[in-house]
Structure formats: structure tokens, C-alpha cells
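**Q** Here's the letter readout for the chains.
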Amino acid sequence: MRPPPVDQTTVLISCEGLQALIDALISRDYEMFGPTVRDGAIIYDAIARVADLPTGWTDQQEAGRYRLQRRDDEAVFGFAVGPHSWKRFLHPPVERLWSMRRGEDGVTISDPARRNRNYAFFGVRACELHAIAIQDRILRDGPYPDTAYATRRRDAFIVAVNCAQAGGTCFCVSMQTGPKASGGFDLSLTELVERDRHDFLVEVGSRAGAALLEQIPCRPATAADRSYADRIIARTASRMGRTLDTDGIKELLQSNPDHPRWDEVAERCLSCGNCTMVCPTCFCTTVEDHGDLTGNCAERVRKWDSCFTLDFSYLHGGSVRSSARSRYRQWMTHKLASWINQFGSSGCVGCGRCITWCPTGIDITQEAAAIRAAPSAGKGEKHGGS
Amino acid sequence: MEGLELILAKHPFFAGLAVEHRQLVAGCARNHRYDAGEYLCREGGAANEFFLIRHGQVALEISAPGRPPVVFATLDEGEIVGASWLVPPYRWLHDARAATLTRAIGIDAACLRGKCEADHDLGYDMMKRFLPVLVQRLHATQLQILDVYGKH
Amino acid sequence: MSTASTDLSRRADLDALRPQLYRVARVQPELADTSTLELEPPSGSRPAFEAGQFNMLYAFGVGEIAVSISGATDAPGFIHTVRNVGAVSAALAKLEVGATVGLRGPYGSAWPLAAARGADVLFVAGGLGLAPLRPAIYAVLANRAHYGRVIILVGSRNPASLLYADELARWQERLDLDLRLTVDHADAAWHSHVGVVPALIRRVAFDASDAVAMVCGPELMMRFTVNALREAGVEPERIYLSLERNMKCAVGLCGHCQFGPAFICKDGPVMRFDRIAQILAVREI
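Protein chains in written order, with the working numbering: chain G, 1 to 386; chain A, 1001 to 1152; chain P, 2001 to 2285.
Next comes chain G alone, as it looks inside the complex:
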């Protein structure tokens, strides 16, 4: 996470100010992405105006269920998170790594053209900031950085939003990733909407954020505004849809590879991989090598992959993890336990997407609780009948 906010004073901007903020970023040639309604969900796509945002919409989320619903106010950010996460921009689903050409003068290799416009992300939640930081540790901060990721990341401008609405499957409080955005943004907004006012409390998180804010009409925030914002965030924190007890969870999962619960969840899991697609921290990829008919051109393309596929662990004519049971165990143990060994933190940010978007409604918090409730279950009778 980046260091704490540069400037502790907070200001208020209006809805017009919000538009000015978007305009300022667009005028600096940022490619702007933010939440918008499409196909019955709130997804992240290109936006240019406040009118593109999901004003007046909220989401009803439960295990295996997502529905949009109209709010009775005009809150711009009155919803939680949808199926998209920011990884679709920073760690794209499809990316050409290089191409090769074989000719008379031998073989040459070339890199794909780098994009020349930087990303601006509008409406990033606290859990998502943590997810980005988690992916930074993997993709940027290891001994072999993904240089394309590092560049996109460095040049991205982030406008965060503090959640005023807890999602039905949210548990950021358990994972200590929200609901307040504490760092890693350029600017952060807390929406203050009442019958007679509609403002956004703005916190500055970086010098770039401060510089941009100078271009936006704003007025100072009062102590009352700040405490109202704090109450909104506290209320969100008290309305989490789920909880996950993370105490000793690494040892719990790593010492229970043969727990009967894995068999039980395997009966419900379709290995469809939805959870890995919507999870903001899942980073696994595969590569495809393509040749052409002349045999003189080749390229390598990297794509998102999922540990739920049978091929993921292919070795010597078969898969190491051929049962759905072993694949679910791999995903959940990696996410909540092995990640800690590998990267020093949990891989889960408590956004609840995997719960919402699982077609059979499997709930990671419920699975963890079931294993915790009966660790080393199923050991059987003692000999001699005692």
C-alpha cells in the first residue's frame, strides 16, 4: 500500500464537481473506466459522464444470486461490487507476449506495441485496493516482474470510493480490507447523500491526486461532514453480509487435506471456475503458442486460466488434481492459507464475489466455518470397542 494521504485536509465536491473530476482526467488523456449498468449487472467499462454511472441503483447479492434493484435515493455509488474487478485492466484476460518471425536472416523476436494511454479507475473500493496491492506483490514485486503489469500499474490514476452500502456477501471487515480505503489511491470519495444535499467528501492520497484536485471546484469540509462520513462507513462495517474467522486459518486448512468437508463441497462444485474469474486476486494464467501455416510466424499469447480446469495440473499423461474435490481444496487452501506462506498475506479480500457468482451458491466463509467446527473429523472407532 502507498504511504498515508499527503494532505490531511478534506474537501467537499458536488455532483458537478464529480463531472469536473472525470473531465479533468479525460482531458489528461486517461482512459477512464468506472461502474456502469449493463445486462442486469453493474460492471466496469469506459465512462465519460456522471450519467454513465449507476446512479440510483443498488445490488441484491446472496450465494448464487445477483439482482439489481432501484434505490429510493439518487446515490451514485449505492452498491457493492459486481462480477468485474480491476484485474481485467491491469492483468488482462488475453495478452500477446511476443511474436517471432523466421526468415532468411534467421529468427527475430518482437514485443507487442505498448499501450500509450494510461488507465484511470473511477470508483475503486477498499477491498479492491487491497486486491490490487496483493496482485502487485505477485506480479510486480517478485524476482521476475511482469513489466507490462508494472507499467500499467504505475501510470494508473485511482479514484477510490468508501462503501456506504454493504453487499449481501461482503466480509471485508473480517479480512481487514475495508470498508474504508486507507491508502493506495490518488483520491478517495465518500458519498454524502441526504434529502437536501448530495456531496462527496474527498480525501487526497497522493501528490498526483492533490494536483488534480486543484482543478476541481470544491469547498472545505466541516467537522460535521467528516463525522457524517465516518458514521456512514461505520454503518457499512456493521452490516457485513458474512464473516470469516481468520484466526489460525492457515494451520486449520493445511492440516486438514483429508477433511470430509472437501468431499461434501465436491458434490456441489461444478468446477466451472466462475469464482476464479470474478476473484480480484486470482492471477493464474496459461500460455498458448500459435504458429501459422507457412511455419514462419509464431506468437505466444497469455490468457487467464483457472485451477479448476482439469488441464491445469496436467503432468505425464494425466492430471495431478483429477477430482473436483482436489481442485476445490486447492483453490480454497491456496486462497486462505498457502497464499500467506507465498506472499505474506491472505489472498482473500472479503469482496464476496465468489459466493455471489457461484452457480450452486458455495460460500467460502461457510466452508471454512464447517472445517473449523469439526477439525480432524471422521477418524472413526477405536479398536477393541472402547
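Incorrect hints may appear among the rest.
[As the list claims (entries may be wrong)] Residues of chain P placed beyond 10 Å of chain A at every Cβ, according to the derived structure:
id : residue
1  : 2025
2  : 2026
3  : 2045
4  : 2046
5  : 2139
6  : 2145
7  : 2167
8  : 2173
9  : 2184
10 : 2192
11 : 2221
12 : 2232
13 : 2277
14 : 2279
[Claimed, not checked] Chain P stretches covered by chain G per the calculated footprint, using a threshold of three residues with CB under 8 Å from any CB of chain G:
id : stretch
15 : 2242-2249
16 : 2255-2268
Don't read these hints as lab results, they were simulated from the structure. The beta carbon of each residue, even a glycine, is placed where N, CA and C say it ideally should be.
Given the coordinates of chain G, work out where chains A and P should sit on it, guided by the hints.
**A** Quick look at chains A and P alone, frame taken from chain G:
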């Protein structure tokens, strides 16, 4: 101690054998010498003896028509050839060929079976010695069947 | 998790996902389905490597596979023994001298040559597992006086499938090491052992209380070899295995090679047994 008893005392298979049991076993023992290529036993033959290898190497083989015999195990100094003597109908299930000049002690099967029936402590001691050898062989055979080095 | 001791800092600025273009300098057929390639760098000298490490080899337009380096650490090129078991290995096996091969590496952790100094060393190889062990064997033999007894145990399917047979014959003649060969089955022309590799361990003389074992072969063979080593009294902290999993990026970014919490590409392939004993015992991990 008689010559055979001395040899049995030193053979790893009978390490720790009680003196009186060693005497009983020696009473069923005799020396053998096989030149390279000679057979200690043949498949289907009566398993009248089992062998303790003192020097040399013995190859266990199975024959089938149309191909040379397949060696599926080699046994060296300190090892045992033969378990079929323990189990009716007491017939060898493979060939055993001396791969090199081999000196072995042959223990008469009927003789030792009789003494084990009469002295159950001796019998139990023999079982405890043979079972680990059989388990190891079975385990090795399982690995060999799995053909771990083959292409998959 | 501990990682390779190779100095990575001077490589970090190269894009690790982009292959270097190497040239096939020599092709040496070994067995019916296996050959050894010697690869020379595009210019200058190749990066240094440690025994136990691997490269990702790319066949133009076909794909990439992980192949252990099986030559000496001071050989001019990278030497790789490749067995034809799939599309990429088939393409690599068909290459001729002068062909171009993509190469990324070296990656991974190394055999514990320094930790083994002064102790008896057991190399236990099954099948193609002799290839990743060979650089370590070369290194120990080149510094023979620094080690105690040296024992090399090699298992193979049958006599015709023994890898590096000529070299094994030369090693067999040396008086300063104990080399034993065993095959799963053979005919009467074979004069060495028939049986599984673990069974050889109790037949060789070494000081189990001060021995380091380096084991490489099919995972099943390694598991049972470890059992036999432990029964013989070798400490779990002094037994090293070389493991394999599905490898795509080889640099810890794609997630495929995970083995419990370890990434085989950076926490392995050489791993100390005591650190993975529990995970090895779990099915489908």
C-alpha cells in the same frame, strides 16, 4: 560349533537366532555350490529346499514360449531364495539360476517344517524372519508392475 | 520458502517471459526416444547455472517445456536430454544442428553440493532422472577429495533404456565410487541387478549418520527410495528430491506448478525432504 552352525550364525538372515534354534536349523542344512548358469531350482519342481546365498548372485526367472526367460529379480549375498517351501503344494513358482559362481546353504524344507511343527517358538521365529522378506519382494514387484519408467 | 541461491539480480532486468534464441550446436541420440541437445548462446557466453536447475525450451510455433540442464556447469553451452513424449518434446527431438531454439532460464533451486561436503553422497536416479543429477555427479567427481564415499544407484526399465550407458560404464571402472545399476526386468545377458532401486540401498555400504542423498526419478520411485533411505538411517533433512509439476511461466507468475504452498519453479525443483514430507503424502495435492 559345527561348520554349518558357524555359517548360519554369521548369515544375516539368521542374525539373533537363539542358539538352540540355530542347532535345530543346522540339522536340516547342507552346503551347495553352483557354477554360473546352473539352476538352483526349476519352476514346477518340488520345493524341497530354500537357500541362503553366501556368495554370488542368483537370478529369478520365468520362461514363456517364444521369448528368452525374463529375469524379474536378482538376489545377492545375504539374501534368501525360496518361499514356496512354506506353503502347500510346496512347488517352485519360478526358476532360479546362478548368475555367477554361487555358494549357498540349502535348508531341507520337510525337515524344517517338521521341527517348526514340534517347536512352535522356532516356527514363529521362522515366520517373523520370512514375512519381511516376502513383504519387501511383493512391494518391489508392485513397483515393477507399475512400470514407472515407461511412457504414459 | 527458500529459493535458488543463484544470483538473480543481474537477470532481473531482462524480460523473463521472452526467450533468448539459442542455436543447436550438437545432437547426440541416446535412446530410441531420447536425445541430447547441446545449445550455444546467440553471442558471448551463456548465463551461469547450478546443478539441478532447468531451462524452458521453446520449439518454434509448437510450444515450451521445462527441461533440466544435464551438462557440466563449466561446459560452454547448455546441454539438455529430451525424451519424446509429446508435441513439444517431439519437435525438439527432431531438431538438427544449426536450428534455432528459444530458451528462458536458468531457473529453480540447486542440488546441495556445498552442504554435502565431507559427507558420504548417494545419487539415486530412476529412468530419465539421471539427466538432472548428472551435473551434480560431475561436480562431485571434479572435487572428489571434498566428499566421503560416493555412491551412484541407477534404475531403469530394462538394459536397453539405460541412459548415458557409455558414461555409466566409465564410472563403473572408477575405484573411487560405487556404481550399481538395476533394471525392472532383463534377460540372461544382463549381469547386474534386477529389481527396484530402493532395494539397492541396503546393499551398499555407507555411513547413514553422515550422508546426503540426492534422488531424481518418477515420483513413485522417489517416494519409496526415501522410505528405504530413512530405514537405512539417513536423516530427512539430508535427503533431497527433484520434483516436477506442470510448468508454464517458470517464474512464479502463472500458478501452475504449485505443490502445496511451494512453487516448483522457484522453491524447487530440488526440495529438501523434511520440508515436503507431509505434502508428499497427500493425494492429488
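**Q** Give a verdict on every hint.
**A** A quick look at each hint next to the structure:
1. The beta carbon of residue 2025 (chain P) is kept farther than 10 Å from every beta carbon of chain A, the shortest such distance being approximately 28 Å.
2. With a closest Cβ-Cβ approach of about 25 Å to chain A, residue 2026 (chain P) is found to remain outside the 10 Å limit, as its non-interface label requires.
3. Once the 10 Å rule is applied to beta carbons, residue 2045 (chain P) is consistent with being away from chain A; the minimum gap is 35 Å.
4. Here residue 2046 (chain P) stays apart from chain A, with its beta-carbon at least about 30 Å from theirs, past the 10 Å limit.
5. Against the 10 Å criterion, residue 2139 (chain P) stays outside the reach of chain A, whose nearest CB is about 25 Å from its own CB.
6. Distance to chain A confirms residue 2145 (chain P) as a non-interface residue, since its nearest Cβ pair spans about 30 Å, more than 10 Å.
7. Annotated as non-interface, residue 2167 (chain P) keeps its C-beta farther than 10 Å from every C-beta of chain A; the closest such distance is 18 Å.
8. Remark: the non-interface label on residue 2173 (chain P) is consistent with the geometry, its nearest Cβ contact in chain A lying 19 Å away (cut-off 10 Å).
9. Not every C-beta of chain A lies more than 10 Å from that of residue 2184 (chain P), the closest at about 5 Å, which undercuts listing it as non-interface.
10. At the 10 Å boundary, the C-beta of residue 2192 (chain P) falls inside the reach of chain A, the nearest C-beta of that chain being 8 Å off.
11. With 10 Å as the threshold on Cβ separation, the claim that residue 2221 (chain P) sits away from chain A is violated: the shortest Cβ distance comes to roughly 5 Å.
12. No Cβ of chain A comes within 10 Å of the Cβ of residue 2232 (chain P); the nearest lies about 13 Å off, and the non-interface call holds.
13. In this structure residue 2277 (chain P) is separated from chain A by more than 10 Å, as the shortest Cβ-Cβ distance comes to about 20 Å.
14. Under the 10 Å C-beta cut-off, the non-interface status given to residue 2279 (chain P) relative to chain A holds; the minimum distance is some 20 Å.
15. Counting residues of the stretch 2242-2249 of chain P whose CB falls under 8 Å from any CB of chain G gives 5; the rule of at least 3 is met.
16. Only residues whose beta carbon comes within less than 8 Å of a beta carbon in chain G count, and the stretch 2255-2268 of chain P has 7; three or more means the coverage holds.
Checked against the numbered hints above, the structure breaks hints 9, 10, 11 and satisfies the rest.
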